[in-house]
Each structure stands twice: as C-alpha cells, then as structure tokens.
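Number of protein chains: 2
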Amino acid sequence: MDLDHLQNQIGEWLCGLGPEADIVISSRIRLARNAAGFAFLSRANPKERSNLEKLLREKILDSEIGKTLSYFSLAEMPPVDRQFLVERHLISREHAFGKGPRGVALSPQENLSIMVNEEDHLRIQGLRSGLQLRTTWNEINRVDSWLEEKIDYAYHPQFGYLTVCPTNVGTGLRASVMLHLPALVMTGQIEKVFQAVSKINLAVRGLYGEGTKASGDFYQISNQPTLGKSEEEIIQNIESVIPQIIKFERTVRETLFDNKREVIEDKACRAYGMLKSARIINSEETMDLLSVVRMGVNLGLIPDLKVHTINELFILTQPAHLQKLERTELSSSERDITRATFIRNRLHNPRNGNS
Amino acid sequence: MDLDHLQNQIGEWLCGLGPEADIVISSRIRLARNAAGFAFLSRANPKERSNLEKLLREKILDSEIGKTLSYFSLAEMPPVDRQFLVERHLISREHAFGKGPRGVALSPQENLSIMVNEEDHLRIQGLRSGLQLRTTWNEINRVDSWLEEKIDYAYHPQFGYLTVCPTNVGTGLRASVMLHLPALVMTGQIEKVFQAVSKINLAVRGLYGEGTKASGDFYQISNQPTLGKSEEEIIQNIESVIPQIIKFERTVRETLFDNKREVIEDKACRAYGMLKSARIINSEETMDLLSVVRMGVNLGLIPDLKVHTINELFILTQPAHLQKLERTELSSSERDITRATFIRNRLHNPRNGNS
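Same order as they appear, the protein sequences are chains A and B.
If you use my numbering, the first sequence corresponds to residues 1 to 355, in order.
If you use my numbering, the second sequence corresponds to residues 1 to 355, in order.
Bear in mind the hints are in silico, worked out from the structure with no lab data behind them.
Take the hints with a grain of salt, since some may be wrong.
Copies of the same chain are indistinguishable here, so a pair counts whether it falls within one copy or spans any two.
[Unchecked claim] Computed cross-link-like contacts, SDA-like style, restricted to lysine to any residue with a CA-CA straight-line distance of at most 25 Å: (1) K199 to E139; (2) K276 to D288; (3) K306 to R344; (4) K47 to S230.
Based on the provided sequences and hints, a complete structural model is requested.
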C-alpha cells in the first residue's frame, strides 16, 4: 500500500453507514503507550529516537496484526504527504510536522493507525463510522494486547500506563466522538451542549482536534484527564451523554423541518447549487456548504445525493488531497479553482447517485 | 386579446435580437399629445374626463392603426392587472394607479401602447429590442400622423405641441434607451457615465423610470426638456452618446474577461446555480442574479442558456406576473416561493435551450 492507493479510497469511518450516522460521523479511541527501558521522547536524544523508531516498527510489523499493516516513515515523507495523512485523520498535526525519526502503521481500511514517536512512543488509534465506541474499544484493546506481547510497556502498578503528559497517565485512553450539529449551531443552541458537556468533564474540540475551529458544524466530544478512571468508566461517561446530544440535534432538525421547511429546503438546495456551480471556492466556504447539504440529505430534502459522497468531500477537498490529485504544488488560489472543479465533477458524476 | 393572452408571451422588445442587444435592452420613444378644445386633465372635471376617454378610444380604434389594437379600460381593471401592465412597461406606474376614466391601446407584439388620460390626453409609446431609436421613431411618427388624421391636437405655432408639464412642450417627445451595464457597476465606473451623460443634458433613471432604483444594473438614458429642439436633434443627441457607453461597457467586460476570467465565470455560474436552486427568492436578489447571469451569457460563459430566457425572467418574475400565473393574490413571502419555483422550472426546461 502506498499513499496513491489511499488517495483512491476513503476510510471506512467515512462510509456513513455506522449507527446514528446522520449525526455521528465517527467514533475514535486512542491509547498512549511507552516502551519500558527507553527515555520518554521529551528527553530522548536523536540516536535513542532513531533506535526506538526502528525497534517499534519491527515489533509492530512482527505482531499478530502486523502483517495487515503498512508502515510509513514520516521523516523522509514530503510535507504534502504528511498533510494528506493529517487530513485523513490518520496522524496528528503534531506528528506530521514534528521532528526526527517517526512513523505510522496503517490498516488498509484506515480503521487503525499506530503512530510511532509521536508525543509518546506509541499512539494507537481506532476509528469507526458512526457511534461505535464499544466496538472501537474492543478492536483497539485487542491490538494493544497484541503489541504488548512484543513490547514491554512502561506501566506502574499504582498509576497505570506512564505517559509524557500527566493528563494521559492511567489508561492512556482518549475516546472521542465526532458529531455533526448544524441545527444546534443554526438555532444558537450549541452553547447548551458545551455547558452540559463541560459539567461532566468532557471536552469539545473542532474537526482536527485540539485548538482547531469547529468548521462545517463538526464537534468532537472527548474525555478529559483519565487518571484514576478505568477504560470502562471513561467510555461509559461519553456514552451516557452522546445519545442526549443526538436526540437534541434531531429534535431541533425536526422542529426546523416542521416549522420552516421551505427555509431549510432553500438553504440546503442553495448550498447544493452553489457547490455544483462555483468555479472558485475556498476551504471554509466548502465546509459550510457541505454541512448544510449534509443536513439536507439527512432530512430527505436532496434525494439524489448520498451522505457518503458528502462525507468524502469534507476530506477530499482539503489542500493536500487536492495537490496529490493534481500531482503538483498549488497556491491557495490555484487550490480554490481545483477544489471547485473537483466538487463539481464529483457532484455531477452519476456513480455518486447524483443526477 | 386579453391579459391572459399577454401572459403567455413577452413583448418583441425583450426578444434580445435587436442591434447591440448584449447591452441595449430596448429603445423607447413616447410622444405626449393633447386634444384641442378639451381641458388639460389637471383641470378637467370627472364628466369631461369620461367623455374624453370615450372619444379618444373611438378615434384611436377608428384610425389606420386602430384595427390591430386592443383597448383596455383601466378604471375597471383589478389592481393586479394594472400592475401587470406596468411590469411589462406598457403603461406608467402613474397611469396604473391614477384615478378616473383612463385606458390603454396595445399592439399585439407590445411594440406600441397608447395611453389615454395619463398626464396628457395621449401618451404614444413605441418600444423596440436593442438600439433602434430611428426605427422606433419612424414607427411612432407614423402612428402619430394616423392619430392626427382623427384627432385635432393642441398645437401652438411657436411652442409646438402643448402639454400639461412644461418640460414636455414642443415635440412632446422623450426618447430613452435601456442599457444593461453590469461591468461598469461592478468596477465602479458607472459614475463616469452619469457625469458624461448629465453634461449633454440627458437623464439617467432606473428600470421603471423616474425615481426608481437601477436594479439589475439597468439604466435608462433619456432626454431632458425638449422645448426648442426638433425630434431629429433629440434623437441625434442620444444616438451620439449611446455607442460610446456601449463601447465603454464592452471594453470593461473584455478586460474583466481577460484578466479575471475565473472570477467572472465563478460569479456568473454561481448566480446561475443559485437561480436554479433557490426555493425562496425575493425580487431584488432575482434581479441581481439575473444581471450577472445575463453578462455571463453574453460573454459566452453559460453556453446552454439563451439571453432571451433571461430577458423574459426579468419581467415574468415581477409580483403581478406571479400572481396572474397563480391566479390568486399572494403575500410577499408566498411570492418568493412562487418566484423561485417559476425560475427553476423555466431554467430547467429544455425548450429554453437549457440542460
């Protein structure tokens, strides 16, 4: 598998077929792990870092899951390819643009990525379409066990797994759910969600994690520091609140639909029309329009379009994806033209179920 | 001929086939005439007004041109029908919503309308597609002669034709040309036109004449007071300046097209996409979008659309036209829905040459 291969597909987690997929884009769990007997990366010298990458790479590929994975070394990878992996949510921004020997092992369906030498020695990430935290946890837990057969993890009997940042000590687990909440944003009720969520010690972030803007009306809800809590408790805590947010969004959508059907239909159809017509379009406008169209599709207002196509477009219209598509570096204004062309072709192509 | 018949057609002047039709929508000439021996309408009592209407109606229908005309009495006409005639530029707003016995005689192609008991006893209007002031003048001059065979006009050997408003005394002629100047508006150069035009004593008005906004980037350029000038001089004065404005607009369009093709194409295609998509659209946004699309069509950026269709839509999407179409009174917000539906159907209908 190489990146060109990846380019012609999208991850399973974007298929839009998971439970509650009208509102829940994806469920994600990541585990932070470090190898015992090696310095944390914050203190490792270049030599140690390099040895560590080689070792972990071998161990991963040698594990039970290893034969299905492809390993990419990031230090030698062009920036556009690294950005490409960030856009697909397969590595973190920090990992992409960090320094020194580091890499990532990926599964063919993009449900699993194992980052080597990110903040911790290992970051094991599982991603699934829709609300599937349990399934994702079971999968990632199994991968974690397979790796543990090969790698001696830094573990403290009292504190649990040891990590660079103290907020990850314990389970090293962060569970997050990506939600699409356009109706709550549109009606200004999203603030209520923020308040409710912060009360039970959960965090809200944008599409690309910490510090990123909630563009496209996407919100990631995840747990805060995990010390003293079991994996079960962390997942339970998120699972208890997500159905309420889903219900809230769905109720507001239905109310909008019942009371202002024409207005919502107008918004959705105009956004769809704009995406099919524009010759120049920037990333932010694209996200905003796709968001409205996605809600329209879920409300049955745009029958000829599949939610799968929209989910794809959120990823495929990002800068690095466009540049890999064109096989050349593009300025921001060149991307805006390429993006518009790409969207137009995709939305007029009958294989996407569009007329 | 009745109004329902009119509804299924548009005037010849909107066909978009006249000379310079990419920029000149239409040429219009109107003559103000009064019958000798009758009080001006500003001084006539209801009885005189009523007698005058009957008499003029008879004379008009009895004239050489009369047998081809249909006469409509406005006093008995529902307001929506009168508004309908205003929207088609066949009568003035003042005539539509004035008082007392009054009417209009119309030719089947809508090139000729003769208003009875407007400000003057008679207002004879000729309309033609594109830049055809001479042709229009020749036609209207012939009609004027035919009417003069039947009606004794109020004429003074020194001052010329006598009219209610002193600004019309003399020839009673107003010649105007309706221009579509989106590129000059877009680049802020329209002010230069205003300045140049006012220097040679011409007036600039909006789409529906005096005091109306220049919506859709339409500007009417017409002569100011005519006393002391011949018909020939008045027409000559306008004809001398219009080609320069056409050239100016065309040069700016070409410059935009050469230097910012993508931007102009984007604007035009988005506007077209919006018109084909919206479910709710008000009159002002419609005019603005149609204006951009019209320029796009003329620049060859929207090959599947005819300028004729766009010209039509400017008129057919007006409030009274929509209400006559639906055969019922519509509130403003109901019209916005009807308008969007009408535009969508018209633009998706292959008989208009659209895909």
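Checklist entry - Quick one: K47 to S230, C-alpha cut-off 25 Å, is that within a copy, between copies, both, or neither? => result Answer is neither: 35 Å inside a copy and 98 Å across each miss the 25 Å cutoff.
Next on the checklist: If the cut is 25 Å between Cα atoms, do K276 and D288 qualify within a copy, between copies, both or neither?
Outcome noted: both (14 Å within a copy, 20 Å between copies)
Checklist entry - Is it within a copy, between copies, both, or neither that the alpha carbon of K199 lies no farther than 25 Å from that of E139? => result neither (29 Å within a copy, 81 Å between copies)
Next on the checklist: Within a copy, between copies, both or neither: which one fits K306 and R344 at a CA-CA cutoff of 25 Å?
Outcome noted: Both: 15 Å inside a copy, 22 Å across copies.
Consistency with the previously given hints fails for numbers 1 and 4, ordered from lowest to highest.
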